[in-house]
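Visitor: Its first residue numbered -9, the sequence shown is counted upward by one per residue in our numbering.
I should point out that these hints are in silico values taken from the structure, not numbers from a laboratory.
Be careful, since some hints might not be right.
[Claimed, not checked] Derived DMTMM-like pairs (lysine to aspartate or glutamate); straight-line CA-CA distance at most 25 Å:
hint, residue 1, residue 2
1, K70, E(-7)
2, K70, E(-3)
3, K70, D57
4, K70, D(-4)
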Amino acid sequence: TVEPSDEGQNAWVATIRELAIDNSAFELSCTPGYYNNEGRGGAEGNGSFLGDFYSPGFYAFDDLLADWRATGDLDGLTLKSGNG
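Model the full assembly from the supplied sequences, consistent with the hints where possible.
Guide: Encoded structure:
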């Protein structure tokens, strides 16, 4: 099996939050609805009720994955065989 390690998962969440764009003022200015948590905004310090995304964009994310794959060390993952 392949699972994210705790360290890898925490590092990725930290990356997303570090790069997040705070749209909370915009979201809170809209009519209350699903996308702004009925006017209450995000939870746990998130700028968005729906969570944050990789704000540098698709091409930067694609480059990030290419660089990660090129190292070949599967940093951030835990591998386990089917035998235990």
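Visitor: Run every hint past the structure and note whether it holds.
Guide: Results for each hint:
no., hint, verdict
1, K70 - E(-7), "9 Å, holds"
2, K70 - E(-3), "16 Å, holds"
3, K70 - D57, "24 Å, holds"
4, K70 - D(-4), "15 Å, holds"
Violated hints for the displayed structure: none, as all numbered hints are satisfied.
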